[in-house]
Each structure stands twice: as structure tokens, then as C-alpha cells.
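Residue numbers (my numbering), protein chains in the order written: chain A, 1 to 219; chain B, 1 to 219; chain C, 1 to 219; chain D, 1 to 219; chain E, 1 to 219; chain F, 1 to 219; chain G, 1 to 219; chain H, 1 to 219.
Calculated from the structure, these hints are not laboratory results. Check each hint, because a few of them may be wrong.
Here are a few chain G residues that sit away from chain C, every Cβ distance over 10 Å (derived from the structure) [claimed, not checked]:
1) K14
2) F43
3) N191
4) A211
Keeping only pairs whose Cα atoms sit at most 30 Å apart, straight-line, the calculated DSS-like set for lysine-lysine is [what the hints assert, rightly or not]:
5) G:K14 / E:K14
6) D:K14 / H:K14
7) F:K14 / H:K14
8) D:K14 / B:K14
9) F:K14 / B:K14
10) C:K14 / G:K14
11) A:K14 / E:K14
12) A:K14 / C:K14
Remember, it's a predicted structure, so these values are computed and weren't measured experimentally. Using N, Cα and C, we set each Cβ at its ideal position, and we do this for glycine too.
8 protein chains.
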Amino acid sequence: QRRGIPEAIYAEGKSAPQVVALAETALETTDRALITRISDEQFEALESTFADSAPDATLERYGSTVRVLGAEFEQPSLEATVGIVTAGTVDGPVADEAQVVCTDAGATVDRVDDIGVAALNRTLDQVDRLRDADTLIVAAGREGALPTVVAGLVDTPVIAVPVSSGYGHGGDGEAALAGLLQSCTVLSVVNIDAGFVAGAQATLIARAIDAARTDDGSR
Amino acid sequence: QRRGIPEAIYAEGKSAPQVVALAETALETTDRALITRISDEQFEALESTFADSAPDATLERYGSTVRVLGAEFEQPSLEATVGIVTAGTVDGPVADEAQVVCTDAGATVDRVDDIGVAALNRTLDQVDRLRDADTLIVAAGREGALPTVVAGLVDTPVIAVPVSSGYGHGGDGEAALAGLLQSCTVLSVVNIDAGFVAGAQATLIARAIDAARTDDGSR
Amino acid sequence: QRRGIPEAIYAEGKSAPQVVALAETALETTDRALITRISDEQFEALESTFADSAPDATLERYGSTVRVLGAEFEQPSLEATVGIVTAGTVDGPVADEAQVVCTDAGATVDRVDDIGVAALNRTLDQVDRLRDADTLIVAAGREGALPTVVAGLVDTPVIAVPVSSGYGHGGDGEAALAGLLQSCTVLSVVNIDAGFVAGAQATLIARAIDAARTDDGSR
Amino acid sequence: QRRGIPEAIYAEGKSAPQVVALAETALETTDRALITRISDEQFEALESTFADSAPDATLERYGSTVRVLGAEFEQPSLEATVGIVTAGTVDGPVADEAQVVCTDAGATVDRVDDIGVAALNRTLDQVDRLRDADTLIVAAGREGALPTVVAGLVDTPVIAVPVSSGYGHGGDGEAALAGLLQSCTVLSVVNIDAGFVAGAQATLIARAIDAARTDDGSR
Amino acid sequence: QRRGIPEAIYAEGKSAPQVVALAETALETTDRALITRISDEQFEALESTFADSAPDATLERYGSTVRVLGAEFEQPSLEATVGIVTAGTVDGPVADEAQVVCTDAGATVDRVDDIGVAALNRTLDQVDRLRDADTLIVAAGREGALPTVVAGLVDTPVIAVPVSSGYGHGGDGEAALAGLLQSCTVLSVVNIDAGFVAGAQATLIARAIDAARTDDGSR
Amino acid sequence: QRRGIPEAIYAEGKSAPQVVALAETALETTDRALITRISDEQFEALESTFADSAPDATLERYGSTVRVLGAEFEQPSLEATVGIVTAGTVDGPVADEAQVVCTDAGATVDRVDDIGVAALNRTLDQVDRLRDADTLIVAAGREGALPTVVAGLVDTPVIAVPVSSGYGHGGDGEAALAGLLQSCTVLSVVNIDAGFVAGAQATLIARAIDAARTDDGSR
Amino acid sequence: QRRGIPEAIYAEGKSAPQVVALAETALETTDRALITRISDEQFEALESTFADSAPDATLERYGSTVRVLGAEFEQPSLEATVGIVTAGTVDGPVADEAQVVCTDAGATVDRVDDIGVAALNRTLDQVDRLRDADTLIVAAGREGALPTVVAGLVDTPVIAVPVSSGYGHGGDGEAALAGLLQSCTVLSVVNIDAGFVAGAQATLIARAIDAARTDDGSR
Amino acid sequence: QRRGIPEAIYAEGKSAPQVVALAETALETTDRALITRISDEQFEALESTFADSAPDATLERYGSTVRVLGAEFEQPSLEATVGIVTAGTVDGPVADEAQVVCTDAGATVDRVDDIGVAALNRTLDQVDRLRDADTLIVAAGREGALPTVVAGLVDTPVIAVPVSSGYGHGGDGEAALAGLLQSCTVLSVVNIDAGFVAGAQATLIARAIDAARTDDGSR
Ligand SMILES: Nc1ncnc2c1ncn2[C@@H]1O[C@H](COP(=O)(O)O)[C@@H](O)[C@H]1O
Ligand SMILES: Nc1ncnc2c1ncn2[C@@H]1O[C@H](COP(=O)(O)O)[C@@H](O)[C@H]1O
Ligand SMILES: Nc1ncnc2c1ncn2[C@@H]1O[C@H](COP(=O)(O)O)[C@@H](O)[C@H]1O
Ligand SMILES: Nc1ncnc2c1ncn2[C@@H]1O[C@H](COP(=O)(O)O)[C@@H](O)[C@H]1O
Ligand SMILES: [Mg+2]
Ligand SMILES: [Mg+2]
Ligand SMILES: [Mg+2]
Ligand SMILES: [Mg+2]
Ligand SMILES: [Mg+2]
Ligand SMILES: [Mg+2]
Ligand SMILES: [Mg+2]
Ligand SMILES: [Mg+2]
């Protein structure tokens, strides 16, 4: 656990038993396990093993990300909202990673999907909702235009996540990363597909706001 | 003259007398001269020389681009409009290059400046005007988001020009170029700062439309 | 549907049942389905399923691209011709993508294959045919010389598509892309292998010309 | 003014009179001017002109960044502290840019200079001070290790700014940028030398905390 | 054998019988075999074959690296210690390669694992041990900060090995390599994942020190 | 003198007296001096100095390349022709370098300028002349298409020289280099702007052919 | 057939029946077939099919390259020798490609393997043999030093082939390619792994020399 | 002072008075000053100032690197030799940097210049001298082949320094760096032009050997 953020288990490239074993250890030491990039097969192994070995544990699934909650886990609660926004369906798994970290820390998450700039009216329809969050994570691939457009519409801190979609020149997220670093509005960036880091950074901001709110407004 | 597009004189890195000499030759052979990336000093040399040597020539200035018209030049006229759009002031000289080519070919040019996506309302305010053009050139630097947003709002062909602004990673137009190649809408691209090529390509489209219009609608 | 261009189903990396399901949805909502980068296995699944579920649908195959037409689909027709040109056989699937979009929109397509510059006489033999089209798409891999040579021979707008062939330095289409951006003639470019985008851009040009022709020559 | 952050005048590459003119306009419209990357000559021109034209304006200098305050300017005040940290002297001008934005918005700034990791004890000596800030900006060039080390020592959000120092492979800030995107702790990043953007992002976080503190702890 | 360093068999991409055959040849000609990047399957083939064909050979396993010692092998011994340090578990196989070379040459190896800078106290806890070695190899992936921090804490030569971990921009060890080349302290570098080369270079240093020690202190 | 090719003096970045001094030494030791990338000022210094110090030396100028011949220099003669071809005027200085090396070795040089593929008829008009040479050097910048087209038209060895023209993506000769390495015909390549190396390689081929011709046809 | 060089069949990524079918067509049209990068399985399919369908055809195998000779094939013969040199075993398949082209054209081939510069005495031992060839192809991977060293030792034209070995920075042949383009001696280069092109270019040189020799020494 | 290595003053880009001032401070605090990349003008300013202000200081010049010794400076002495080798004259200033660090620490320096591999006999002539040093620094630009060749001839640790010579692809030292990282022999690398770091690393090795020698051979 670094910076009060739990370690996550990166399931891709691991066998189902390996994922299960790592999840069991995490559950023992921190009362819950976070698993990202999980496959259906790995998820089923998790479900069937834990039905036996930890029958009172709860499994929460956010797309390709999973959280296993032990019976003793005490869910914290933050008085702060993180908006998590995607441009298209391909951005979903990256946003899922962000979501599970924020949720685990107790932030309210408002997830807004599929509002990429190619159909700008869908973006504009969500402006009020975007303005209601305390901080925003915006994930976008290919040319990565959505975080810039969103940041131009709100006054809160925006964390942009370039996503490794696209083929040809600038594919695999490099165009989106470069574009976000060049953004003519104000935002900060994490690495390509680094949804977990974006979620963790948003959590640190949400905790600071929560602390300010609940410390009765003074320092 | 390739493809019915005049050669232009690229003034950057040439001395004022060199620019003047090249302009004189162009004037003799094609009845007009196009000069791009001209400095004030070069422009003044042009003015004072031509006042003497070609007193009935006309100088038209489009920012850093200049067209010198000989007395015999017969300005063609196309029944077609090219919209030329910039995201910010830094994109001006590149748009100027495009503009002089289209103008020289006789297209109507509608220039719309400084409507970059960081202030999205300025973009949206111009939608009707953008839709009125037969084809659009959109120039944008840094993250190059504007051409994608514009192309999502119109039904006409859009030619995007990445501009070499920005510093750090993806600077010098590379982020904009990569982003435009990755664009999730429909557009085609020319090289960084290649305003002249964009203008020439738009001219070819405008000519095709003009021919269709004036050839009494049939082929 | 963006810019009046139908969405396509990108079959690569999807299972045959996934492709079939997406095609069925497309057929229901837009009366036809476009599928790119299809395998033989996926195509057979499509054929056998639709024989049952949609017996009056028609399957058109353009190499690795397929169009499924529902009984209700009203084929539009444009008074405009798009020439689609390839340098070699490896460019075929990319040209197929372009072709299906143009065909779907009702343009006449003139396909000219395998006229790469290593055997220049084959290129030159086709000049008259190339000049007859209203706009050209030219696909070429490796060093990507063909679009430049073709554009030097015609007066119509050329859209160049770099293709991801070649190995070693500049392989995977990067040499072709860079060369086309540097082209010393007039053309515009889409991303590596982006045949679909090239077809869509040519369609927008063809529509503009068709409108000019059929709007009885005036605006 | 985007996102409540004033526009700054980027002095590099502008003449002294141009900088002065832009500063005068900014002063008129927003009651103060922010100028980054100013030279001594430009600063002196500013001083001597404003001594005449705006005798009651105040000039504040933060290294290569300057703020000119008009008599009417109402300095806001935020109940929040931004720590601004540099690894070495070469990072100073970038940190100055960040500092002037945060100061202009009314945040308390705690500047901690020259604590790069090559002399780790200097870093460790400042841990308590670093923990006291509400959010941190850390600027570092060459290998850019400092932001990672600092972020491992505090619980607050860290914004890292890679700085364009270094020569050879990975020079000009590219090694630092890549390293920060790969950081094994939690932080977000802005582009190379983008001190202004880092300051603006930290300001948005500081404002959110201030609002939470001063809105009597509830929403 | 180059520079007194044995050739190693790089097992990745070879079949189990190929690895066994190469190991048998090495055993015959140099009385031992070094195999790097071995899989479990390859290792088992090695064990079962050698049980028959060379029953008095010994197999030493260092993670994914293996040394087979023939009965006649005379283990040299150096009066010198090489410290081998990793930032995290992903760096293990690369460090194993280094270790087997140093061990084979007779150096004392002190292996210190998992002291990456994200948890700086773990790094600092090992300072005395790090200072005791005659030379250090430090392997680190992602942002590669550990070798710089370690080199700032000791007075002995440090050889840094960037490791191909990390995804996105700067992944596959490129960020670590660039950062180490930019390091603001004193160290030298080998290629990404080149644990074998690092071990060989450390061996050459250890041999020079051993020679100086055992040649009764004079030359 | 490497490989029987004289060293050349690379004048760019040297002072006029430095160039003169190096030329004097070359004249003394090898009876002639080759100087590449010379400026007018450097050339005049050469002329005026040698008028005094070596009045019977001859200066030959090939654009920006110069050869100074001492009175004793015995010009060799090869029974072989090197064709040197450029796409445009910007390729001239690079071709000059090649030309002086071939001339110095005694090859007949046939220089064919300005036949780039944008005006293909100019290329085709020269086919017979191109076929007459024993080997060809073809220099081209921007997209570098000319060497591929030429090599497709002749049966002799072609050495391609990419030239550092062009701006934006692939500028400075990188697009031409990558395209030439990807060429779908048969040719070999030297580095960007390496006219000297191309001339030297063509000289080695010309010498081999000359030797075969003059050694009465047998070995 | 371009430039008198036969087309080759690139077997990698094709099925055994595909390779057989293509070989049959080549045999019919040009009396022989050249196949590169063949697998054992593909080779066996070739053998067993041709035993039936073309029993009087001959199969020649050069490592991973194969030539099938029809009964009618008339083997040409050139009075010229091509030396083909490799640095290590990994360079073999690339050299095999070169060898089959030269052999097919009738040149004498002198193959010299495994003389890379890490064991310089092996290189120097072969100097006389290297000097005897009329032209040399030198293939080398990793740092690609061998072609430079060889070219410094002979007076004949050297064609260098960078080979895609090596891992980490500069791996996959990019370091070798860049180093060969920077070579401080005289040589020309083909793309990474382009053994076939190198063989074809050497063939063109060998043909020119042969023609000069056999045309009784005059032109 | 890091790792017992003095800080050096990098003169390039500083004014003569700045260099003098920094040298005075260094002289006061560490009894000597090291200045790299000094110009003639800066050196003269140093001489004339110190003639007045520090008349008993001594100035040592090593090409473009200078060491100023205060009267109190106690020159240490190491019982160890560092060989410093260059491929050509362009590598001189980089080697000078290395030399001054080693000299300052008291190592014996054996400088061997201009033995690049294009004239291999010059390299081989120096083998005995190269073998006599305790450790070697080898600086080479363009393709950077020399360090690999040298390392193949000696048994001591080699530190390679790529030098920023060369133009075109792989220029500015990148080809040399990549080639050295790929070297098929054993060596370690520092960044392009980082002669100072190479000298410091060699110093650390020399100190370890000296300590072993003078600590009467035991530990
Ligand atoms: N070959 C293609 N090139 C570019 N875009 C495509 C291609 N095929 C499908 N698309 C578009 O890619 C987007 C995502 O497609 P899919 O992955 O099928 O959901 C849709 O907007 C499609 O219209
Ligand atoms: N140092 C800086 N870094 C990033 N943006 C800046 C900086 N200085 C000014 N800007 C912004 O750059 C844009 C263009 O500035 P200018 O070139 O002065 O017109 C404005 O939005 C400024 O706020
Ligand atoms: N992990 C490794 N890293 C670097 N070189 C290696 C490694 N393993 C083996 N080698 C060397 O690579 C060369 C070729 O090995 P092989 O592919 O087994 O023929 C030999 O010189 C080995 O010593
Ligand atoms: N234009 C050129 N291209 C490539 N090499 C050159 C050129 N001009 C000179 N050289 C070579 O560069 C080396 C160094 O030249 P210099 O910098 O004059 O000492 C010598 O081997 C010259 O033969
Ligand atoms: Mg997007
Ligand atoms: Mg923009
Ligand atoms: Mg092609
Ligand atoms: Mg740093
Ligand atoms: Mg690390
Ligand atoms: Mg060209
Ligand atoms: Mg090699
Ligand atoms: Mg060298």
C-alpha cells in the first residue's frame, strides 16, 4: 500500500490459479482484493474458489476489474464525487480500473460513457453532470480530443488518460498522449492505459476535498 | 505549374533581392507571382522595386503571403466556396498560404479565425457559416483538436493542416499530425504547416464542383 | 452514422458469432451492414446464418470486405466516379474497404489494380482511365511512390492511403506515410491502412460533385 | 481567461515593445498581466514604460516570470497551500511560472529549491515541509527522479513537471517525461517545461480545497 | 569465450532438446554450461537427460538462469564482492543472469532484492550492505530511479541495468534506459535486460580488484 | 586515403583560413585537394591565397564542391561512365560531391539534373541517356521517389542518395531514406546527403568495370 | 522479373500448399522457383509434391532458401565472384537469400561465415579471400561493425546488410542500420534483413563486370 | 562534490565573466576548478583574471578542458592507469573531459588518439599499450565501432563514450550509442558526449584498484 492506495492485481498474462492465490493473500492482509484486466475464465475461477474458501466475501465486478470484499472490510466513505468519463466503448476497461480505486476509497463515482467528440451533441448534453463532480477523469483513445473539450467546459481539475486504441501512425495511444500533453486548456496526464493511476490521483484529490469538508471548514 | 496550380516562392531563408528576382520571373512567365512566408523587409523591397519596374502590377497581401498581379493577369472565377478555418493566431500564416492559392484559382474564400476548442462556444457559433462552404480547410496546432470537431459538424470534405506550434513532447506539429491521422471522424490530412498543399487540394475539389455546376449539371 | 457515412464492423479480432450479431443489428437499424477485414470462417458463418434469419438479404463480397443488403435497402446513386487504384496485391484489402463505402453511397467505382511504379509502363498504360474518374484513391505500401506519380498525371483530387507492408526500417507503412506527406505533387493523406476513411472522404467529394451536377448546375 | 486562469504572455521570441503592448492590454482588461520567460531587456522596458503610463501599477518578479498588478486589482486569497519543489537550479524558471499562477490565484506558495536525489539527505531533510502543503508541484530535469521520490513520501496529490535539461539520448526533457509517465508511485504529469499548466492545475485543486474549507465543510 | 567470460546459452525461443544439446557441448568444452531465460520444461529436460548422460554433473539454478557444473570444473575464487540489487520482482530474471556470471567467475555475490524507491525506507535500510560491496549492479525497470539513488549513496562503481517492464510511453525499458543515461550521479549503463553483460562487466572489475589484492598490493 | 578514395575537406563550420590550410596540406601530400560544402567567402580565400602560394595550381568548381589540382597531379582515367541524376535543384550540392569524387578518379560523368517524378515526362525523356551509363547515382529529397522510378527503367546498379529537403513529418531526408530502404525495385542506399560516399561507391564499381575492360577481358 | 532478377517466393506466413502452388507457377513461367524463409515442413511438402508432379526438377537448398530448377532451366554463368560474409550464425538466413540470387544469375559465390569483430583474428585470417572477390556482401546484426571493418580491408564495392538480431535499444537491426549509414569507410546499404536485395544489387555489379570481361575488354 | 568526484563548470553557453566567477568560487571551496568546453576567449579571460586575483594558481589545459590549481591543492596519486582512446579528432574534446577528471583524482592517464577502425592497422599497432592500462575509456562517433573492437582485444573493463558526430540518420551520436548498447563484446556505456561521466566512472574503478594495491593486498 503506497500513499494509502491499495496494490492491485494485474490479471493479464497470469493463470487463473495465480490470480486466485494473489487475491487470497490480498484479502488476508488488507481485507479486500482489487483485480484489473480479468478474463471471464479467471473471474469464474475466483467465484468458485471463494464460494468455498471465503463464503462471506463479496465479489463486485466493474467490467474487466473486480473487487473482492472480505467480511471484515470497512468501506470508507468520502464526501466527494469523482466523474469518470469515456469517449467510446474501447475506453471502458481503462475507466473501470479508475472506478474501482475511487470506489474502494469511498468516493462517489459518476460514470459517463461514450460521449466522444465525433458526436459533439452527446458531449454537450452532459455538461451539467460533468460540472457537478469535484474532479474528473477523462479517458480517450485515437486522437484523444475529449479531455481537452471537457476541460474547456468545467472549472474542476481534470486528469486525462490516453487509451491504446487506434492503428497506424500515432496508434497504441501515442497520438492521444502527445495531444493531451499539448492540450491548449488546463489538465494533467497519466500514462497510456494507466486508469489505475488516474483513479489513485483522483482519490488523493477527493480525500483532500473530503478532509477539508469534514474538518469543519477550517484547518 | 503542376496540376494547374502555380508554383509559389518560399521567401523564408532567401534574401530580399532573391525574392524580388524570383517574383519578376514568375510575373513574366505566368502573369502573377505567389510568395509565402514573406518578411516586412522582403515585402518593402518588393513594393519599391515593382513601383519602378512594373508600375501597373498590383500587390495583394494576405498576412505573410503575397500575390503580385501583372496587368495582363486574367483572374479566373470558380462557382465554389472554400472555408478556411484557424484555431488560433499562430495558425494564421499557414492559413494565409492556403488562402492565396484558392483565391488565385478564383474560389470564393470564407476565412474564419480563432475558433479553437478551448473556448467551444466560439466554435459552435460558427457552425452555420462552416456548413455553407463547399469544402473546408482547418488549420490547428498543439493538440490539433479543431479539425475533428469541425468535421463532426459538417457534411462537406474537410482537409486538416497540422501546424508546428507547441513545445515539449509532440511539439512542432507532430502531436497534431498524429491526432489528425487518428481522427475518429472523416477527414484527410496534409503535412505539418503545408498550407499551400491544403489550398491546392481544396482548389482541385472546388474546380471539380465548379465544373459540375457550370457544365449545366450533366457530364 | 457520422457525416452520412455508415459505421462499419471491423471483423479482425472478433469471433464469428460476434460479427454475425453486429451485422444483424446493423441490418435492422440501417437496412444494410458493412463488414471489413473478414475471414473466410466469419464469412461462412454470415452466409449460413443469414440464409435462415434473413433469406431475402443479399451478400456482396469485395475481397475481405462484405456488404449485406436488406430487402428494404434503397441503394442511392451518385452521378460521380471514384477511381480506386492499388500498387500491388498487398494493397487489395485496404482498397476493398474504400470500395465498399463508395459503392454503398452509390458512386461508380473504377478499380485499377497492380500498377505500382516498379513496372512504370503498367502505370502509364492506365493514364486515360485514371483521368476519367472524378476523384482518385491510391493505395500503396513500402515506399509509397504510386500516389505521387499518379497525382502528377491527373488534374483531379487524389487521396493517398499508405499501406502497412514492408519490413525493416520504415516498414509497417511508416515510410509510405512519411513519403506521401512529403509528396512533391498535390494530394492529401489518410492514416496507414485507413481505406475506410479514404473511401468516406472520396464519398464526400463525390456527393458534392453529384449535388452540383444534379442541382441543375446552379446553387 | 480559461477555467478562471488568466492568460499569460509568453515573452520568448517577442520584441520588448510587443511584450509591453500585450502587458498594457492585459492590465486594462484583467487588472494585471502575467509574463513568462522574460529577459532582462524586456523587463527593463516594462519597468520604464509603466513608470510613465501606469505609475501606480506594481511589478512583481519571480525569476523569469513577472506579474504586473494594476491599482484596481483585487488579490483573491485561497485557504490552501501549494508546495513548489525543484531538483536543481535549471528547474527554476519552470517553477517560477507555476509560482506566479498559484500566487495570482491567492494560494499560499511554499517554494523548496534544489533538493534533487543525487544528494538524498537534502531531499529527506524537507519531508515535513513537503507534507504540510495541500498539493505539490515537483519540477525535475535529466532523469526526473525527484517527483517519484517525493510522491513516495507524502499523501497529497503531486503534479510532476519534466524540465528540458540534459543532452544526448533522452535530453531536452524526454527522459524525464517518459520516466514520470512510468513512475511506480502515484502522480500526474504535464508536458516538458509546462510550469504554467502545472501551476494552473494546482490552482484548480487548491480552489476546490479552499471552497470545501470555506463553505463551512458541507456542500 | 570472449574476455575470459564464458558464452551463455540463451534458452528463450529454443526447443528443450536444442538447449540440452548446447549444454552438453558446453560441458564438454568448458566443463560447465550457463543457460539463461530457461523455462521449467527446458529445465526438467536438462535434469532428466543429465541424470543419465552426466550423473556427476551438478545443476545450480538461479531463478531463470542455470549453471551446470561438470565433475572436472575447477571453481575459481576471487577476493572481491559484487552487490546485485533489484528494484522489484520483475527485475529478478535480469539480476539472475548477472549473478550466475559473477558466481561462475568466483566473485562473492551479495544479492539485495526489492528495494525500489517507491518505498524509500527499504532502500535506506540497506545502505551499509550496499557500501560493503566492491562494485554494484543495480537493475530497475519502469522509470529506473533506483540505480541513481543507490549510486548517490556509495563510493564504488555502479553498473545500471534498465529492465523491460512498464507499458505505454517509455515502456519496455526505454524510459529506464534514457533516465539512466541522463543520471545526475556517476554510473555506467548496459542495454535493456542485459543482465549477462552487466555481470560480465562487474566480473572484469572484480578480477582487477582481486588481482590487485592478491598480487601483494604492488604491480 | 581510404580504399583509394581521397579524403575530402568538409568546409561547413570551418573558417576560411582553416579550409585554406587544410587544402594546402592536401595539395602537398596528394597533389590535389577536394573541398565539399564550400561558401563563396571560403572559395575566394582559396583563390587569392593559391594565386600567390601555388600559382600553377588549377581550381575546378562543381557548385559547392571544389577540386584544387597541383601541377604534378596526374589525372587517372577510367573506361567507365557514372550517371549522376538529381530530382530537383535542392539536390545539386549533394550531387556535386558525388561528381567531384568520380571525376577525380577519372570516370566519365554524365550529369542529368531536375528530372523528378512530379513531371514524369522529363524523367522518361532521359531514359536512353540513363541506360548508357555503367552505374547511376540518383539523389532525391522529400519523398525520394526518383531513384525507385529510375532503377525500374535501367539494368545497371543504382546508388540512391536521400537528400535533406522537406519540412514537417519525414523532413530532413528521413522520409526519402525510409522510402529508399523500402524500395520495391533493386538499389542500394547511402546516408542522407552522403553524396561523397555515393561518389566513392560508384567509383569503386567504375574501377572494377574499368579493370575488367582494360585487363583484356579475362582475369 | 524486374531488372533481370527473378521474383522470389517469401514463404514465411504462407501455408505449405500455398508455397507449393506458387513454386509450381514460377517453375512453369521462368523454369525455376526461388523460395526464401522456408520451414522444414514447407520444404518437405515441396519435395513430396514435386517428386510426383515434376520428377525431373532439382531442389537446391541454401539454409532457409531453396531453388527449384526445372529440366529446361538454362543456368547462366558469369565471369565474376561475389563474396558473401556473415558475422555470426544468426545472419545465416539473410546471407542465404543473397546467395541464391547470385547463384541463380551464375556468379561464383564465396561464402565466409562467422567472422564477426568480437574475435578479430577470425576476421583478419580471411583478408586474402575477401580481397579475391569482385564485390562483397557483408551481413551483420546487433552493432553491425563487421561491414565497416571489412570495407576498410578491401578495395572492392561492399554492400552491407543489417540483420534484425539484438534486443533492447537499437534491437531488431536498427542499431546496425544506423551504424552502417554512419560508417566512416565506403559502403552502401540495403534495408534490415534485405538479403535478397543485396544479392540482386551484387548481381547487377557482377553482370557489369562479366560484360566488361567477356566483351573483350572494350565497350 | 558527489562520490568524491569534483563538480565541473560547463563553459558552453556561459559568458566569460560567468565562467571566471564560477571558477573563483570552485577554487575557494575545493582548491581547484575544472572547466569543460571552454572557448579561447573564455580561457584568456581566465588567465588574465587569475594572473591578478590568484597569482600562485596554475592553469592546466587539456584541449577544451581546463583545470585551475590553487596553491593549497594537494594532488592525490593513485596507483592505477586509465587508458583514454579516441577514434578520430572529433572525439578529442570528449576525451579531454574524461582525462581531466582522472588526472585530478591522481590516476596515470595514457592517451591514445586517432586509431579508428577505418584504418585497422593503426588500431592493432596499439594493442600492447591498450592492454597495459587497468581500465579503458574509448570514445567514438559516427558508427562507434572502435570500443567494440578494442574491448575484444583486452581483458580489462572498457567504458564506451558515444560522440555526437555524424549527420543524417543516426547522426548526433545516436547510431554510436545504439551500436554500443548492442555490442557483441563486454563493455558498459555512458550517454552521448558524456566524457566527464566516463572519466568519473573510470576514476571509481581506478580508486578501487589503487585501494586494493595499497591496502597491502588484503581487505
Ligand atoms: N477499416 C476501418 N478503418 C477505419 N474505421 C473503421 C474500419 N472499420 C470500422 N471502422 C469504424 O471504427 C469504429 C469502431 O468499429 P468497431 O470496432 O467495429 O466498433 C466505427 O466507427 C467504425 O465505423
Ligand atoms: N509558459 C507558458 N506555458 C504554457 N502556456 C503559456 C505560457 N505562457 C503563455 N502561455 C499561454 O499560451 C497561449 C498563447 O500565448 P501567446 O503566444 O502569448 O499568445 C496563451 O493561452 C497563454 O496563456
Ligand atoms: N541473456 C543474454 N544476454 C546477452 N547475451 C547473451 C545472453 N545469453 C546468451 N548470450 C550470448 O549471446 C550469444 C549468442 O547466443 P546463442 O543465441 O545461444 O548462440 C553468445 O555470445 C552468448 O554468450
Ligand atoms: N561531404 C562529405 N560527406 C562525407 N564525408 C566527408 C565529406 N566531406 C569530407 N568527408 C570526410 O569526413 C572525414 C573528416 O573530415 P574533416 O572533418 O574535414 O576532418 C574525412 O574522412 C573526409 O574524407
Ligand atoms: Mg478520442
Ligand atoms: Mg488546436
Ligand atoms: Mg509502392
Ligand atoms: Mg532530476
Ligand atoms: Mg524503478
Ligand atoms: Mg523526390
Ligand atoms: Mg555485428
Ligand atoms: Mg567510429
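Tested hints:
1. K14: holds, 13 Å
2. F43: About 22 Å separates F43 (chain G) from the closest Cβ of chain C, which puts it past 10 Å; holds.
3. N191: At roughly 4 Å from the nearest Cβ of chain C, N191 (chain G) sits no farther out than 10 Å, so the non-interface label is violated.
4. A211: With a cut-off of 10 Å, A211 (chain G) remains clear of chain C, as the shortest Cβ separation is near 23 Å.
5. G:K14 / E:K14: holds, 22 Å
6. D:K14 / H:K14: With Cα atoms ~22 Å apart, K14 (chain D) and K14 (chain H) stay inside 30 Å; holds.
7. F:K14 / H:K14: Between K14 (chain F) and K14 (chain H) the Cα gap is close to 22 Å, so the pair holds against 30 Å.
8. D:K14 / B:K14: holds, 22 Å
9. F:K14 / B:K14: Distance ~23 Å between K14 (chain F) and K14 (chain B) Cα, so the pair holds.
10. C:K14 / G:K14: Holds, at roughly 22 Å.
11. A:K14 / E:K14: Distance of about 22 Å is within 30 Å: holds.
12. A:K14 / C:K14: holds, 22 Å
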